[in-house]
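Peer 1: Sequence:
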Amino acid sequence: MAFSMGYYGDTAMKKVPGGFGGGYDVPEGVDIRGRYDEEYAKILTKDALMFVAGLQREFRNHVKYAMECRNEAKMRYNSGALPGFDPATKNVRDGDWICAEVPPAVADRRVEITGPTERKMVINALNSGAKVFMADFEDALSPTWENLMKGQVNLKDAVNGTISFEDKARNRVYKLNDQIAKLFVRPRGWHLPESHIYIDGEPAIGCLVDFGLYFHHNHAAFRKTQGQGYGPFFYLPKMENSREARIWNNVFTRAEKMVGIENGSIRATVLIETLPAAFQMDEILYELRDHSVGLNCGRWDYIFSYVKTFQGHPDRLLPDRVLVGMGQHFMRSYSDLLIRTCHRRGVHAMGGMAAQIPIRDDPEANNAALELVKKDKLREVRAGHDGTWAAHPGLIPAIMEVFTNNMSNSPNLIKTMKREDAASITEEDLLQIPRGVRTLEGLRLNTRVGIQYVAAWLTGTGSVPLYNLMEDAATAEISRVQNWQWLKYGVELDGDGLGVKVNRELFGKVVEEEMMRIEREVGRDKFKKGMYKEACKIFARQCTAPVLDDFLTLNAYNHIVVHYPKGPSKL
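Per the numbering used here, the sequence shown starts with residue 6, numbered consecutively.
The set of hints was computed from the structure by calculation and includes no laboratory data.
Among these hints, one or two may not hold up.
[Stated by the list, open to error] Beta-carbon label-pair distances, calculated as ranges:
id, residue 1, residue 2, range
1, G465, P402, 42 to 48 angstroms
2, Q437, R98, 40 to 46 angstroms
3, P402, Y70, 19 to 25 angstroms
4, D99, E446, 44 to 50 angstroms
5, R81, V327, 30 to 36 angstroms
For glycine and all other residues, C-beta sits at the position ideal for the given N, C-alpha and C.
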């Protein structure tokens, strides 16, 4: 089968002469190329690796075909086609079916907090007062070997209730409270490989490693301690159509059979964060109907996907990214249709991320930011969302209050907010071109944020506080693709009154000036020790590339993969 080497092809990786990657007790066909560590060996057991390898062997060709279908769709869009509702699945959209009943353990999801699987973060998030913590192996995590393996260790300890963290600098020990949030886990998207683990000579599929290791070690304990007989629970990212949802459903069914638990135990919420998926919400839920607990408005990635989908359409240029909010018609339409679809099918319709973080040194600015958050969340709950996301524990009390005050003592709005008015939403509504101006400051902000995010990602941090917002890969992607779009089509910066057009010369000047600004802001020492120059090269290259890269993280991944030579085998 022909297949793009960009996804799972064998590429040049860093090799480390000291240390070794052997020592793990691996089944036939599995090769661990990451560093050996006794703690990681408790995760990478022979049984767990057999479980992951079984999933890889059963589903790899399905995943490869799905990625080929993505490329074919991209070619259609680049040739002028538009996404739309599929006439072939009209019977699914019109059908009178519902998803399996929502498990009691997750009926109430008013506020969910998200973050990477770092140990202290896991404890604080579970203790935060949120109803759900989504532990992230995807956009909020830089997928270094250490981050991935420590994340699995941390989640296993969390499910077992034994997790603790000693902060020696603060002379404080962190432990779980009696009441904690329900744990959801987000594996990586279908497109990302795990190049520290090879199965039958090719890199493992990243999400099957994330899912497989976590599920294998935790399904039994989770169902007892958190799921009330259900679980584990997941969030599924970056899907573009129901074919990809069907693969996940089959993975879940296979996993349940392999460990002997009933069908429908695993439950997952799908992020609708690609433009093509907005036209397949019913179909995605239908494929996952035995395993679904709803859909989520992944609005930052959705904006990124709008630009990526229309990269060949010069008539669909975005304004400054700060202007592309839920007030835009295409964004509001997508949110309203998601609510109607989910409630019609009996599952949660989750709102989007509040990325603000507390501004501790400016109470006035902090209050203004909090008011914006509350206004956004009031819009969500009044529209019919059953819950929403927060990036920081400091936002949870205010958001919880907004949702609680507008939900009439119900755990959710599934049965009370049907939003039948959204049945009239058309393809044109979902595709309406966003309105607003483009400015030099917008270009500068994109560049400054993008470079700083990539610099952090290269050094192992995937969730980065910048300018009072928590930035992850999704917001960095918006910065990158918008710069690329403006450069490709030489857009006029019409919001400045200067009439300047974006070209490589202007962009080069902006990059140079923003690098100087970053150095001033972070300090010379941190700038020298960090990977800002490497990040600048990667980000600028992607913004000026003749062909748009599908994902920032896919392109930059080889910079963080480290292969260790094999050491002595375990006897």
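Peer 1: All hints, please: hold or fail.
Peer 2: Hint by hint, here is what the structure shows:
A beta carbon spacing of about 31 angstroms between G465 and P402 contradicts the range 42 to 48 angstroms that was offered as a hint. At roughly 21 angstroms, the beta-carbon separation of Q437 and R98 lies outside the given 40 to 46 angstroms, and the hint is violated. A hinted range of 19 to 25 angstroms is violated for the C-beta pair P402 and Y70, which are about 47 angstroms apart. A beta carbon spacing of about 47 angstroms between D99 and E446 agrees with the range 44 to 50 angstroms that was offered as a hint.
As the Cβ distance of R81 to V327 is approximately 31 angstroms, the hint placing it in 30 to 36 angstroms holds.
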